[in-house]
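**Student:** With chain A fixed as given, assemble chain B onto it according to the hints.
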Amino acid sequence: ETGVTQTPRHLVMGMTNKKSLKCEQHLGHNAMYWYKQSAKKPLELMFVYSLEERVENNSVPSRFSPECPNSSHLFLHLHTLQPEDSALYLCASSPTGRETQYFGPGTRLLVL
Amino acid sequence: KNEVEQSPQNLTAQEGEFITINCSYSVGISALHWLQQHPGGGIVSLFMLSSGKKKHGRLIATINIQEKHSSLHITASHPRDSAVYICAVNRGSTLGRLYFGRGTQLTVWP
Numbered sequence: 676e677t678g679v680t681q682t683p684r685h686l687v688m689g690m691t692n693k694k695s696l697k698c699e700q701h702l703g704h705n706a707m708y709w710y711k712q713s714a715k716k717p718l719e720l721m722f723v724y725s726l727e728e729r730v731e732n733n734s735v736p737s738r739f740s741p742e743c744p745n746s747s748h749l750f751l752h753l754h755t756l757q758p759e760d761s762a763l764y765l766c767a768s769s770p771t772g773r774e775t776q777y778f779g780p781g782t783r784l785l786v787l
Numbered sequence: 007k008n009e010v011e012q013s014p015q016n017l018t019a020q021e022g023e024f025i026t027i028n029c030s031y032s033v034g035i036s037a038l039h040w041l042q043q044h045p046g047g048g049i050v051s052l053f054m055l056s057s058g059k060k061k062h063g064r065l066i067a068t069i070n071i072q073e074k075h076s077s078l079h080i081t082a083s084h085p086r087d088s089a090v091y092i093c094a095v096n097r098g099s100t101l102g103r104l105y106f107g108r109g110t111q112l113t114v115w116p
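In order, the protein sequence lines correspond to chains A and B.
In terms of my numbering, the first sequence opens at residue 676 and continues consecutively.
In terms of my numbering, the second sequence opens at residue 7 and continues consecutively.
Chain A with its partners taken away, still in its complex shape (with noise of 0.2 Å):
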């Protein structure tokens, strides 16, 4: 148990649809990251969070929408996305930024 979790851990999702990620990490953490896995291709940041203010986004498209409500808590909001935005989608939070990543167990997302 890493002490961060993810949900759902499967999504299967139409073009139009309209879903959200969710991450908590009970650790204390004050940093926050969501990922993306694709096939064949190495981890690649999208989002950084720092006390709940968002500190880098890695030219992800608008189809992809985070927010941080609270140190606890990341979402990504997603809308019209892509066949080729399936892939295993990653949160991971640290203490301040500079220390160890602690990883959740990602959401599988297929997009038809």
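For the record, the hints were derived by calculation from the structure and aren't laboratory data.
Keep in mind that the hints are not guaranteed to be accurate.
Here chain A is said to cover these stretches of chain B; the calculated rule only asks that three of the stretch's residues, wherever they fall, bring their Cβ under 8 Å from a Cβ of chain A [what the hints assert, rightly or not]: (1) 43-53; (2) 82-96.
The following label-pair restraints were derived from C-beta to C-beta distances [as the list claims (entries may be wrong)]: (3) A:Leu787 / B:Glu21: 38 to 48 Å; (4) A:Glu774 / B:Asn28: 19 to 29 Å; (5) A:Thr691 / B:Ser57: 44 to 54 Å; (6) B:Arg64 / A:Gly689: 23 to 33 Å; (7) A:Ser713 / B:Gly98: 25 to 35 Å; (8) A:Asn733 / B:Val50: 42 to 52 Å; (9) B:Lys61 / A:Thr691: 46 to 56 Å; (10) A:Gly689 / B:Gly22: 16 to 26 Å; (11) A:Arg684 / B:Thr113: 23 to 33 Å; (12) A:Val730 / B:His62: 25 to 35 Å; (13) A:Pro758 / B:Ala82: 39 to 49 Å; (14) A:Ala714 / B:Glu23: 26 to 36 Å.
We treat Cβ as the ideally placed atom computed from N, Cα and C, and that holds for glycine.
**Tutor:** Frame of chain A; chain B shown alone:
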């Protein structure tokens, strides 16, 4: 070209063998991480190091800053070590931003 390169891409070993996975990077870094990803996707951080060597159980990680190279060693390998091992680096710039290698798929047969 990826800033972080790992080799080999795939590795098969017999139980008990000594295993080495290599990571080279082409940028200045503040720290290097070794991560383990099991089937199903969950990632566990194994080591974070900025110099020298660290050991945890049967796992040893080393880094040579001058040569921009790190190795992960597994002694007395076991089938439960089968996983993808990922090297990642902090460049010390943007908070917490990691740059990842493509991973090494390790399979240990009994």
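**Student:** Hints first: check each against the structure and report whether it holds.
**Tutor:** Evaluated hints:
With 6 residues bearing a CB less than 8 Å from a CB of chain A, the segment 43-53 of chain B meets the requirement of three and the coverage assertion stands. Residues of the segment 82-96 of chain B with a Cβ under 8 Å from some Cβ of chain A number 3, which satisfies the need for three, so the listed coverage holds. Checking the proposed 38 to 48 Å range against Leu787 (chain A) and Glu21 (chain B) shows it holds: the Cβ atoms sit about 41 Å from each other. Range check, Glu774 (chain A) to Asn28 (chain B): Cβ separation about 24 Å, and the 19 to 29 Å hint holds.
Taken as a hint, the range 44 to 54 Å holds for the pair Thr691 (chain A) and Ser57 (chain B), whose Cβ atoms sit roughly 51 Å apart. For Arg64 (chain B) and Gly689 (chain A), the hinted distance range of 23 to 33 Å is not satisfied, since their beta carbons lie about 46 Å from each other. Between Ser713 (chain A) and Gly98 (chain B) the C-beta distance comes to about 26 Å, which sits within the given range of 25 to 35 Å. At roughly 23 Å, the beta carbons of Asn733 (chain A) and Val50 (chain B) sit outside the given window of 42 to 52 Å.
A beta carbon spacing of about 52 Å between Lys61 (chain B) and Thr691 (chain A) agrees with the range 46 to 56 Å that was offered as a hint. For the pair Gly689 (chain A) and Gly22 (chain B), the beta carbons lie near 49 Å from each other, so the given range of 16 to 26 Å is not met. Against the hinted window of 23 to 33 Å, the Cβ-Cβ separation of Arg684 (chain A) and Thr113 (chain B) comes to about 25 Å, which satisfies the hint. Distance hint check: the CB atoms of Val730 (chain A) and His62 (chain B) are about 30 Å apart, consistent with the given range 25 to 35 Å.
Between Pro758 (chain A) and Ala82 (chain B) the CB atoms are about 44 Å apart, so this pair conforms to the stated range of 39 to 49 Å. Between Ala714 (chain A) and Glu23 (chain B), the C-beta spacing of about 28 Å keeps the proposed range 26 to 36 Å intact.
The structure does not agree with the numbered hints 6, 8 and 10 stated previously, though it agrees with the rest.
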